[in-house]
Amino acid sequence: MKTIDLAKQTVRDLNQALHDQAAACTETEWEVLNPKGQHNLAVGLDQKLKVDIKGHAGYYCGGMNKEADIVVHGSAGQGVAENMMSGSVRVKGNASSSAGATSIGGLLVIEGDAGSRCGISMKGSDIVVTGNVGHMSCFMGQAGTLVVCGDAGDALGDSLYEVHIYVKGEVKSLGADCIAKEMRDEHIQELSHLLKRAGVDEDPHAFKRYGSARQLYNFKVDNASAY
Amino acid sequence: MSEKTKYITELRESATFDRSTMAEIRRAADTGIYDIRGWGAKRKLPHFDDLLFLGASMSRYPLEGYREKCNTQVTLGTRFAKKPIVIETPVTIAGMSFGALSANAKEALGRGASAVGTSTTTGDGGMTPEERGQSTKLVYQYLPSRYGMNPDDLRKADAIEVVLGQGAKPGGGGMLLGQKITERVAKMRTLPMGVDQRSACRHPDWTGPDDLAIKILELREITDWQVPIYIKVGATRTYYDVKLAVKAGADVIVVDGMQGGTAATQEVFIEHVGIPTMAAIPQAVQALQEMGMHRKVQLIVSGGIRNGADVAKCMALGADAVAIGTAALIALGCNDPKYDEEFKAIGSAAGFYDDYHEGRDPAGISTQDPELSKRLDPVEGGRRLANYLRVLTLEAQTLARACGKNDMRNLEPEDLVALTVESAAMARVPLAGTNWIPGQQPF
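So the sequences go chain by chain: A and B. 1 is the number of the first residue of the first sequence in my numbering; add one for each residue after it. 1 is the number of the first residue of the second sequence in my numbering; add one for each residue after it.
Worth double-checking, as some hints may not be accurate.
Pairs of lysine-lysine, DSS-like flavour, derived with a Cα cap of 27 Å [to be verified]:
hint, chain 1, residue 1, chain 2, residue 2
1, A, K50, A, K66
2, A, K66, A, K36
3, A, K2, A, K66
4, B, K82, A, K8
5, B, K42, A, K66
6, B, K42, B, K296
7, A, K54, A, K92
8, B, K156, A, K50
9, A, K50, A, K196
10, B, K344, A, K181
11, B, K156, A, K48
12, A, K220, A, K196
13, A, K168, A, K181
14, A, K66, A, K54
15, A, K220, B, K187
16, A, K36, A, K92
17, A, K50, A, K8
18, B, K374, B, K344
19, A, K181, A, K196
20, B, K156, B, K83
21, A, K196, A, K168
22, A, K181, A, K54
23, A, K2, A, K48
24, A, K50, A, K36
25, A, K66, B, K82
26, A, K196, A, K48
27, B, K247, A, K36
28, B, K374, A, K66
29, A, K66, B, K338
30, B, K296, B, K82
If you're looking for bench data, these hints aren't it; they were derived computationally from the structure. Everything numeric in this text was worked out from a predicted model, so none of it was measured.
Let's have the full structure, built from the sequences with the hints guiding it.
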């Protein structure tokens, strides 16, 4: 295992060392010490690496990740795993706002709570939050799956496209064009599979499903008040 | 004849409720929806035609045309990037999306720009192989929607442009109506086919300049600090925006005035939000100068650039380069009179067509219709654009030489005068024949 101690080296050193693995990938296991909330840790990874960040991370940790499996042994700042393509990011603590923003693939697991706009404009990733999510989560979500094992704040799924949203707890309010939907067998299976992948022990039957009413897909003057 | 009518010599149209205004009221009453269109502001605005150059004479020494050099090469992104972009002409191609434009049009833009050694720019929809393949210098836009955004394309880019706004709609998000969301466009944007796509107006994972500084560092980390990072703003509070962009870490700042084009925006937005390009440049330059960053952070200006005179005037006011969008499309064949009958068949006319959002462009440029798209040959389109870019460059050089400058960037405000009080105040150059700059000195 390679260790980078951010008390002695810079974020630039860390990312360059991880990027340099792309060609040969001789070192697959990495440990990052003393992150102390620094921003942009382990961003733009492009290889099947395993990166353990031993502490809190700042903004955009794991941003644009491809293939790597990143674990934050603490909380993460804004935009964790933003635009992730594949691989996984696991946050042992809480995550700030815009977790998994625009993420295209891969799995983001937040073992604590996530702030506002979790999964904003997500484009195909899977996001599992063990705790609660803040307001406007999944705003303009396009594709993928958002699972919330706790409660969701105001305006969940506002202006939603095709993300599948599952919430176990209370939803304070639904956003424009987001509605509760029937939980059919295929959804139980989808959720069950995803919970298992995320390592989260929950009963899929305890969740409700939400999705797009698809009423705002094409402009109709009758819907003007919803815009 | 009544007593009243015998004195009426001609019909009098209301200046307030003219025929165009009344037609819009009737259209709104008929449809219940605001008017959406492409192009940029069509109202008359103070513009570069209101400025003139003071050519050399006794007090200045002109350069000999065609024999004495006048450099047009500009390097963009010298502040932080390991690989700045070198462009051979100070005219670049502005961001326009695949989706708004056909793949052939994007390819033609790449071909034309590459032929003269300048850059072209992606748009709200990702990078197409056609565009990357034909563009030797490609700027990759990083937009609020992040449609098609991925690290592989990010690393293929020669520069990254973080888009905060657009001159045609500062403060507004994009829209691409369902007619143009074909299977390929939908796939690139991860959207259902045929939806009216609404792009966000704010970025999803940062909210202010302090956040943006961290975002820019993320992009630099992902690309190992190789390529320049631009920040593009629509011209509004330009002085403050430019200062904040510099503080956030931009290598290059792009300021797009309200004459800048769009593929689809509400008419009310296009005509009533933003400031003219000419008014924005001095604000931007002042901000850069006060921070000691003029020429260190390069300034690109866009919005209504049509000819070499406009290019030279922008540079005299302090820009390092300009970007063209609408003019580049016209060079490709947009609004070409040869399609006049077809424009009329869809309720427009050559020279007036702005319904880019409908996807029925007879010239095959702002469409995803496969048959219409075929009308634009990307090789011929590229040749036409390259010709046009060469003319812009030659014209701008001609004016610079006449002012005694051996480098386009040696042009300066002192070379300009204004024809109107408004343009003198906005451009901060004297009213012609006086030494009066309104707003700078007492009359």
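Exercise for review: Would you check the hint for K181/A and K54/A, treating anything up to 27 Å between C-alpha atoms as holding?
Suggested key: Violated, at roughly 40 Å.
Check your understanding: Keeping to a limit of 27 Å between CA atoms, is the pair of K196/A and K48/A held or broken?
Key -> holds (21 Å)
Check your understanding: Quick one, are K42/B and K66/A close enough, alpha carbons at most 27 Å?
Key -> Roughly 45 Å between the alpha carbons, so the hint for K42/B and K66/A is violated.
Check your understanding: Is K156/B close enough to K50/A, meaning Cα to Cα at most 27 Å?
Key -> Satisfied, since the Cα-Cα distance of roughly 25 Å is no more than 27 Å.
Point to revise | Restraint check for K220/A with K196/A, where alpha carbons must lie at most 27 Å apart | key: Violated, at roughly 41 Å.
Exercise for review: Could you grab the alpha-carbon distance between K2/A and K48/A and see if it respects the 27 Å cut-off?
Suggested key: Holds, because 15 Å separates the two Cα atoms, which is no more than 27 Å.
Exercise for review: Starting from K42/B, check that the Cα of K296/B is at most 27 Å away, please.
Suggested key: The hint is violated at about 34 Å.
Point to revise | Satisfaction of hint between K196/A and K181/A, Cα-Cα up to 27 Å | key: holds (22 Å)
Exercise for review: Measure nothing beyond the straight line between the CA atoms of K196/A and K168/A; if it is 27 Å or shorter, mark the hint as holding.
Suggested key: The given pair, whose Cα atoms are some 16 Å apart, holds under the 27 Å limit.
**Study point:** Given pair status - K82/B, K296/B, alpha carbons within 27 Å
**Key:** holds (14 Å)
Check your understanding: Between K66/A and K82/B, is the straight-line Cα distance small enough, at 27 Å or below?
Key -> It holds: about 24 Å lies between the C-alpha atoms, which stays within 27 Å.
Check your understanding: Does the alpha-carbon distance linking K374/B and K66/A stay inside the 27 Å limit?
Key -> violated (37 Å)
Checked against the numbered hints above, the structure violates hints 5, 6, 10, 12, 22, 28 and 29; every other hint is satisfied.
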